[in-house]
Amino acid sequence: MKETPLSNCERLFLLQAIAEKKRVDGRQTFDYRNIKITFGTDYGCCIVELGKTKVLAQVSCELVAPKSNRPTEGVLFFNLELSPMASPSFEPGRHSELLVKLNRLLERCFRNSKCIDTESLCVVSGEKVWQIRVDLHLLNHDGNIMDAASIAAITALCHFRRPDVSVIGEEVTVYSVDERDPVPLCIHHMPICVSFSFFQQGTFLLVDPNEREEKVMDGLLVIAMNKHREICTIQSSGGIMLLKEQVLRCSQIAGVKVTEITELIQKALENDKKIRKEGGKFGFAESLPNQRITAFKIEGAPVNTSEVEETVEEITHNTVPPTEIVPSPILWASGTAQIGEGVLNTWEVEEPHESEEADDKSMEEEEEVSTTPRHERKETVILSDSEEEEVIILNPDKTEKKFQKQASNLHEDTASGSRKKKKKKPSQLVK
Amino acid sequence: MVCLPLDAGAHKFRHMADRRLREFGCEQNLLSRPDGSASFVQGDTTVVVGIYGPAEVKVSKESYDRATLEVILKPKVGLPGVAERSREQFIRETCEAALLTALHPRTSIVLILQVIHDDGSLLSCCLNSACMAAMDAGLNMRCLFCGVTCAIDLDGNIILDPTAKQEKESRAVLTFAIDSVERQVMMSSTKGAFTTAEFHQSIAICQKAAESIFQFYRDSVGRRYSKS
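Here the protein sequences come in this chain order: R and Z. Note that our numbering has the first sequence beginning at 1, numbered continuously upward. Note that our numbering has the second sequence beginning at 1, numbered continuously upward.
Hint data in this document are derived by calculation from the structure and do not stem from the laboratory. Glycine is no exception: its CB is placed at the ideal position from the N, C-alpha and C atoms. Hints are not guaranteed to be accurate.
Have a look at the derived ranges for each label pair, beta carbon to beta carbon [unchecked claim]:
#	chain 1	residue 1	chain 2	residue 2	range
1	R	Q291	Z	L154	41 to 47 angstroms
2	Z	V59	R	Q291	57 to 63 angstroms
3	Z	R224	R	G279	41 to 47 angstroms
Covered stretches of chain R (in silico footprint by chain Z; criterion: 3 or more residues with CB under 8 angstroms from a CB of chain Z, positions within the stretch not fixed) [said to hold, decoys possible]:
#	stretch
4	130-141
5	219-230
6	286-294
7	308-316
Excised from the complex, chain Z in its bound form:
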């Protein structure tokens, strides 16, 4: 990196101890109608997801070589706006990268997300719940994925899994989707201003945090399919 002040950026690791994810939980198969459903709770942020598919597709949306993925994000109050549309796109692109859509050509997979409560890190919660629902629906995936949000506050500290209040007070909010195989970044969404050094730090921290989320995935699936 050319313009990177390594000594200034990379060694600024203050407040290392209080970097933690809020308590999180998940319930799968909570709705009877969809083929797969899950709710994911991160602190107070809650999202419910239902998946239908692979099922018949409208001729206008049909693609001959893979399944068409439709993502619908519904806000709690009012009609969906631009913010929802942009989140839908982020989620769709991440899911398209993870799901093996080529296995079901000329079909449609519909993913419906309903925001139940937004208390920060909404996009990462949406991604986590989408992955859990896809697992519940039994869709084939080349890897699992999770979303991690971090915020950079005015002093340059990186906060993991920020609440709505922390997001508001911060200088930048970054969300990454991370895959389970190589811990690579599948999607990134950023808001606000930050340096390249901060960006790299955020990726590294989110990759680290992703490990505990994947462990959670593993434990919850283990619990579901264990005999005892």
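Next comes chain R alone, as it looks inside the complex:
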């Protein structure tokens, strides 16, 4: 499906509003939309909502062989997927330019900034290391995918616990969750991306652009920073020329925003930890907003199955019993047989009608079909083996053949007769 284009008047209206330092959704220039983080029942699973943009993250791990040039380091893998659910213009399984760009930026933000201690993921040097895989699914696209994805990824990584492992000599034991408490990943710092969009050749700047603002912007600057105000990645796209002061100003804003977001993430993580410790209810089912009229939830429904017996009897009563007769398999040629009363397989039979040069095998079978019920026609079979031209005799009596097919199915004795003949067949072929 095609993306709905933005009309000229919408575009003008947006730009005019921005020039007047107003935003359509009522935010100030440097305001972020509301961030909501919910955790799933699994470790390393969370949904991050940035306004209406929604990203699902799931971290998983696997024991793999390390890269040969880095035998003591674990592997980090990021995979952001733009699900067609998020926007009608996203096609499933297609690697669009946007997707490649976002994935690359994620890798730079997390892997290249060394925020996760990959050496602690080593189990046996050069043989076994943990591969940490972060799957990110965009569920709803309302602009600023990068910020939402980076928050989701780092939150999920902080939330994740990998199974404990012990190495005694050569033996590696992976403990299940019941045996030993899983261990969290070693995270040095939390890089978070902050996006800035520029309008009218960099005259105006907005933080956290939504989808419509992204459509009219001239350029985008993404700064990944941690709460220690260390820049992890910086990327400018859209071909806009920025002044030194502008970049410095942006990094100042990013510093403030990152501190706020980091606090929020940590609060959410602590909250979830507390609930899990106290044995309370957690997971997405609990975060279902029951106050909204669009949401509805009920406690488990008991199903009274005491009167089910009658229904069962009714069903069994109405069931048509399958035929008890199991037809004995009919052997059409050595290696091919037919069970059941279905119509004959025609795809080999049809071939000679279309193409003159049919191979011996298909012809053999065809002749068999025609000859099986009647023993007196035996001699044609023998003839056919040597002479290909024999086919000509068979083609006109199509109707007869059909009748014979039915006959062969109905009469068990004819089927057995054909089987007998088939046993003869190979010897004839040898001749």
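Start from chain R and add chain Z according to the hints.
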């Protein structure tokens, strides 16, 4: 039925009291972009669905007499495999039977399902969420449908709405899609070995359970469109 030991099969109704559906909930219209969306929660199993359509269709997929229904099921981790493809087909066939696609010829309806958490009875949860999303999208349907999963354990007990653990320990897992008008079976998907008597029992139990799911549909739609 010819080979049915009625006295042995039909009267084996043990553990009747603890046959129940897990708590379930639903939220409609939770995504802003799709034309219809819903999330359905059954115990811990959660699925989010978005529907786009009826909208323009690719020429290659166009059918002149009805809307083309596309179903995409996305797993949580990794790429979709054979299991997802088979589930997609089950869901598509059920939806095709329920949706009045003939009303929108030469269009496409795209249904995207995202697994959020799998704790058993995933296919039935997918079906329920698909129906809720179709309702939210305002698509015309000849009937509503719901999915009910039951598992037959090693002792022959039938468990309704099994968790992932119960599914693993059971001998057979059966999922039925049931329509709201006549409570007929629209689709059945089975795994494992079971007798015909057990199959009939499962259908009867799932039909019974479907009633409480349809009541839930009714209540949630009632809540959404009520004035108070």
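(message) Count the residues of the stretch 219-230 of chain R whose Cβ falls closer than 8 angstroms to any Cβ of chain Z, and tell me whether that reaches three.
(response) Violated, because only 0 residues of the stretch 219-230 of chain R bring their Cβ atoms closer than 8 angstroms to Cβ atoms of chain Z.
(request) Take the C-beta atom of Z:V59 and the C-beta atom of R:Q291, compute their distance, and say whether it sits inside 57 to 63 angstroms. (result) 46 angstroms, violated
(message) Quick check: do three or more residues in the stretch 308-316 of chain R have a beta carbon closer than 8 angstroms to a beta carbon of chain Z?
(response) It holds: at least three residues are needed, and the stretch 308-316 of chain R offers 7 whose Cβ sits within less than 8 angstroms of chain Z.
(message) Assuming the hint says 41 to 47 angstroms, is it satisfied by the Cβ distance from R:Q291 to Z:L154 or not?
(response) For Z:L154 against R:Q291, whose Cβ atoms are near 43 angstroms apart, the range 41 to 47 angstroms holds.
(request) Confirm or reject the claim that Z:R224 and R:G279 have a C-beta distance inside 41 to 47 angstroms. (result) The hint (41 to 47 angstroms, Cβ to Cβ) is violated, given that Z:R224 and R:G279 are roughly 33 angstroms apart.
(message) Taking beta carbons only, do three or more residues of the stretch 130-141 of chain R come closer than 8 angstroms to chain Z?
(response) holds (count 6)
(message) Using a Cβ cutoff of 8 angstroms, are there at least 3 residues of the stretch 286-294 of chain R near chain Z, or does the coverage claim fail?
(response) holds (count 6)
The structure is inconsistent with the numbered hints 2, 3, 5, although it conforms to all the rest.
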